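Given next are the chains, with one letter for each unit.
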Amino acid sequence: MKMLKFAFRNVLRNKRRSLISISVLLIGVMGLGIFSGFMHFSFWGIQENIIHVGMGTPGGTGHFQIFDARYLKAEEPRFLDYGILGWQALISKIESVPDVSFATPRIDIMGLVSNGEKTEPVIGFAIDPSKEKYLPGIFGSADPYVKLEIVNDGIMLGKELAKTLNAREAGYLTLLSTTTDGAMNAIDLQFTGTINTGTPEGDKRFILVNLRSAMNLVRSDRVRKIVVVLHESNIKDRKGASKELNFYNEADMDKAAGVLGRTLDKGEYSMKSWRQLNSYYDSVKDIYNTIFGFIGIVMALVVILSIYNTMFMAVFERTKEIGTLMAVGTPRRYILLLFLLEGVIIALIGGAFGYGGTYIMAKIISNAGLTMPPPPGGTRGYPLVIHTVHWWWLSIVLFIMLNTIVACFIPAYRAARMQIVKALYHA
Amino acid sequence: MNIIELTDISKSYFLDKIKVNALSKIKIEIKKGEFTAIAGPSGSGKTSLLNVIGLIDKPDTGSFILNGKDTTHIPLNHLSDLRRKTIGFVFQTFNLIPVFNAFENVEYPLIFTDISKKEKKDRVDHLLRLVDIPELARHRPFEMSGGQRQRIAIARALVNNPEVVLADEPTANLDSGTGSEILEQMKRLNKELNVTFIFASHDPIVLNAVERIIYLHDGMIEGGAR
Chain A
0 MKMLKFAFRN VLRNKRRSLI SISVLLIGVM GLGIFSGFMH FSFWGIQENI
50 IHVGMGTPGG TGHFQIFDAR YLKAEEPRFL DYGILGWQAL ISKIESVPDV
100 SFATPRIDIM GLVSNGEKTE PVIGFAIDPS KEKYLPGIFG SADPYVKLEI
150 VNDGIMLGKE LAKTLNAREA GYLTLLSTTT DGAMNAIDLQ FTGTINTGTP
200 EGDKRFILVN LRSAMNLVRS DRVRKIVVVL HESNIKDRKG ASKELNFYNE
250 ADMDKAAGVL GRTLDKGEYS MKSWRQLNSY YDSVKDIYNT IFGFIGIVMA
300 LVVILSIYNT MFMAVFERTK EIGTLMAVGT PRRYILLLFL LEGVIIALIG
350 GAFGYGGTYI MAKIISNAGL TMPPPPGGTR GYPLVIHTVH WWWLSIVLFI
400 MLNTIVACFI PAYRAARMQI VKALYHA
Chain B
0 MNIIELTDIS KSYFLDKIKV NALSKIKIEI KKGEFTAIAG PSGSGKTSLL
50 NVIGLIDKPD TGSFILNGKD TTHIPLNHLS DLRRKTIGFV FQTFNLIPVF
100 NAFENVEYPL IFTDISKKEK KDRVDHLLRL VDIPELARHR PFEMSGGQRQ
150 RIAIARALVN NPEVVLADEP TANLDSGTGS EILEQMKRLN KELNVTFIFA
200 SHDPIVLNAV ERIIYLHDGM IEGGAR
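Chains as they are written, first to last, in numbering that gives the first Met the number 0: chain A, 0 to 426; chain B, 0 to 225.
Next comes chain B alone, as it looks inside the complex:
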């Protein structure tokens, strides 16, 4: 079953009045549970594609079906619910909320749900155990290493039981050892939870770990699945 179906997606930006084609006629299908990377040099459109898939940016043309729901004509402002329920984000710079401790950071997306307090706690505790840092629950981000922060970010991305986790350069701010550990953990979660993982990265650690690589060059798909 395809969790993501992109058809003829194009996206352009204006940079100092110059039109930049970030994505051109992208056609991708990603199945549920895939562990996929979008690769390519800087400026190839990896992040732009991830933003479209993550429902935080709208394409100029083309259609996007996410988990069977056509999102093409839904305005961006009305997508926060769908985004929260379907997609988890992992960022290059972790993007944790500095005033929250690890537990609260992971719990944050649940604020907007009807889940009971106990279930929230159980879910967050479970995820902190899954990412192997239950002892850091009461620690704030500034008290943690980069790897620990990224684990918190992964737990946060998974807390709403999303269908898809999008990770933009998740290893870029980590040393290679930590990066490998994080990737292994993500792979384990991918298998255990059957969650689709899509990376935007040109890090060999990521590219060696994924099952499929979509190469982008100048906003166009260059190759198929590995």
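Pulled out of the complex, with its shape left as it was, chain A reads as follows:
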């Protein structure tokens, strides 16, 4: 206890130097903390966008998608040969799983849209808008689905596609595609509005139509897939800290997948998670993790060099005092302990202030209404938010503190190994 008191007073001895060291730790913790909060927000944002809105590709993936097992194993002979028949019953079955919020059918559409004068190749989804409208949640607009729900023979076009085709509200367009027999078919659909897919390519090519329209067009009762959306409030972050963010981990997804898997007829259906359906998340995560690792190493070096310098100067300036302490009987291990304790105190103060500073700064940035520019290939900017991620921040504080103690060790060891006579008569 006396040594701790001694160490604490020594930290206060050269206030300016200690303040600089604490500031370095504070900046280190805050830099990594803010970046990690932004990373967490980005991961969450990408994940939720992929699930609810679509990222890189238009249309949210939902949490899982269920296919006819054959579709994922082999090339289908004809369009929708490996589609899901009796999908209504399957949806009822899936929706009986407690974790499932809803399940909705989709057919992937490829074809041509014509205004009579101009024809454009398109891709898109045929959907059940009465359910699909719940998919975007807080992450996107339900308007296209609501409009499509009202107009049974409606068609929504990507905003650039609508311009190209000079589409006018309530005007009719012709959608051409192949039937399941391989023949060409066409239906007239009423232009209902535009959609913003978030990507320039999507805006030029993407369409949404009602499921019944598409079934008439392709002459099939099958659907390509069933999109499953989970009750996100049932899924928690590992530490339960981010429940409100709907940010969950692999273990939660695996658990939900297990329950769903047991519900489905094994062998007949296959299931893919949002992460399997869209590799964008993992690519971004890898990039962020690499950048974070690099910044972490740089911060660690800055901390180590700064603290090493501080402690080395302290040892140098107090050489005579170290000699005195040893002369009056202080064991060498206590000299080592004294300087390590000084490092620990600096680390604790820097870590605590860094943690608090990170929290305050995260709140300030998140509430400042700042907007990030659209990501590469995107057309929409997004709000800059720094998530409060306590367990990440605690890890960062511990990491910085560990570096501080490592940086203290060499000067402390040197102090403990000093020759008493040389130290005592140090000029």
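Simulated from the structure, these hints should not be mistaken for laboratory data.
These numbers were taken from a predicted model, which means no experiment stands behind them.
Treat the hints with care, as some may be off.
[To be verified] Computed cross-link-like contacts, DSS-like style, restricted to lysine-lysine with a CA-CA straight-line distance of at most 30 Å:
{"hint": "1", "chain 1": "B", "residue 1": "K119", "chain 2": "A", "residue 2": "K130"}
{"hint": "2", "chain 1": "A", "residue 1": "K132", "chain 2": "A", "residue 2": "K284"}
{"hint": "3", "chain 1": "A", "residue 1": "K4", "chain 2": "B", "residue 2": "K117"}
{"hint": "4", "chain 1": "A", "residue 1": "K319", "chain 2": "B", "residue 2": "K120"}
{"hint": "5", "chain 1": "B", "residue 1": "K26", "chain 2": "B", "residue 2": "K117"}
{"hint": "6", "chain 1": "B", "residue 1": "K119", "chain 2": "A", "residue 2": "K1"}
{"hint": "7", "chain 1": "B", "residue 1": "K116", "chain 2": "A", "residue 2": "K421"}
{"hint": "8", "chain 1": "B", "residue 1": "K18", "chain 2": "A", "residue 2": "K421"}
{"hint": "9", "chain 1": "B", "residue 1": "K68", "chain 2": "B", "residue 2": "K26"}
{"hint": "10", "chain 1": "A", "residue 1": "K4", "chain 2": "B", "residue 2": "K116"}
{"hint": "11", "chain 1": "A", "residue 1": "K1", "chain 2": "B", "residue 2": "K117"}
{"hint": "12", "chain 1": "A", "residue 1": "K1", "chain 2": "B", "residue 2": "K116"}
{"hint": "13", "chain 1": "A", "residue 1": "K4", "chain 2": "B", "residue 2": "K119"}
{"hint": "14", "chain 1": "B", "residue 1": "K117", "chain 2": "A", "residue 2": "K421"}
{"hint": "15", "chain 1": "A", "residue 1": "K421", "chain 2": "B", "residue 2": "K26"}
{"hint": "16", "chain 1": "A", "residue 1": "K1", "chain 2": "B", "residue 2": "K84"}
[Stated by the list, open to error] One side of the interface only, derived from the structure: several residues of chain B facing chain A at Cβ under 10 Å:
{"hint": "17", "residue": "N50"}
{"hint": "18", "residue": "K84"}
{"hint": "19", "residue": "N94"}
{"hint": "20", "residue": "P97"}
The C-beta atom is built at its ideal place from N, Cα and C for all residues, glycine as well.
Use these hints to put chain B onto chain A, whose structure you have.
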């Protein structure tokens, strides 16, 4: 009873690759309770001898028996316990810990003992009274005069009830009046506590106060007891 027995102690240093013989074949016996000075001009080896006696430096050759214990073959790193229990130091520049007040400075060597908190307090209070500055217990060194600081240093040197107090030029940073007062106080403590005091000094105040002077010249003993 001899508290210190030095036999054929030699010590040399290298100064810019030049060998300097600091001590040569020193043979000294000091009895318990003596009030002794090691005197000699600068560079005569006074401090080197005091360092050897204080167990903060090892001689190259010779044997050193302290309070009946042969320290010759004990490595320097293992001597901190013996040093703390047997020897007290008083330095020319007082060497107080600036972040501690007077009480804490005196108490510091007791940190490493098993003495109870109450006994520590009693012992420190008693010593501060013995050196006549109990009112300065809560003052830090920078708030004190040189003489007051040296009194604190003396109290610190005595707190572990040592057999020997070593004082290296204890009056060098004090005016003559204060120096005399300090010496008188040390002499009183020497008598009251029967603690051996050994000074390294060429200050006439010290040399006039001690009972015995060991003269050193070029690392060798020049004369015997006064």
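Cross-check of the supplied hints:
Between B/K119 and A/K130 the alpha-carbon distance is near 80 Å, which puts this suggested pair outside the 30 Å criterion. Under the criterion of a C-alpha separation no larger than 30 Å, the hint pairing A/K132 with A/K284 is consistent with the structure, at around 29 Å. Using a Cα cut-off of 30 Å, the hinted pair A/K4 and B/K117 holds, with the two alpha carbons roughly 19 Å apart. Distance check on the hinted pair: A/K319 and B/K120 sit about 27 Å apart at the alpha-carbon level, within 30 Å; holds.
Between B/K26 and B/K117, the direct Cα distance comes to roughly 42 Å. Violation of the 30 Å bound is thereby established for this hinted pair. Distance hint between B/K119 and A/K1 is fulfilled; the C-alpha atoms sit about 13 Å from each other, no more than 30 Å. Between the alpha carbons of B/K116 and A/K421 the distance comes to roughly 33 Å, so the proposed pair goes past 30 Å and is violated. Proximity of B/K18 to A/K421 is assessed by CA-CA distance (about 17 Å); at most 30 Å being required, the pair is judged to hold.
Between B/K68 and B/K26 the CA atoms are separated by roughly 17 Å; this keeps the pair inside 30 Å, and the hint holds. For the hint linking A/K4 to B/K116, the alpha-carbon distance of about 16 Å falls within 30 Å, and the restraint holds. For a cut-off of 30 Å, the pair hint linking A/K1 to B/K117 stands: about 15 Å separates their Cα positions. Taken as a hint, the A/K1 and B/K116 pair is honoured in the structure, with Cα atoms around 12 Å apart against an allowance of 30 Å.
Using a Cα cut-off of 30 Å, the hinted pair A/K4 and B/K119 holds, with the two alpha carbons roughly 17 Å apart. Between B/K117 and A/K421 the CA atoms are separated by roughly 36 Å; this puts the pair beyond 30 Å, and the hint is violated. The suggested pairing of A/K421 with B/K26 holds, with an alpha-carbon distance near 25 Å, which does not exceed 30 Å. Between A/K1 and B/K84 the alpha-carbon distance is near 19 Å, which keeps this suggested pair within the 30 Å criterion.
A distance limit of 10 Å between C-beta atoms decides the matter here; for B/N50 the minimum to chain A is near 5 Å, and the interface restraint holds. Against a cut-off of 10 Å between C-beta atoms, the interface hint on B/K84 holds, since the closest Cβ of chain A lies about 8 Å away. The restraint placing B/N94 at the interface with chain A holds, with a minimum CB-CB distance near 4 Å, inside the 10 Å limit. Annotation: B/P97 was flagged as interfacial toward chain A, and the flag holds, the nearest CB pair being 7 Å apart, inside 10 Å.
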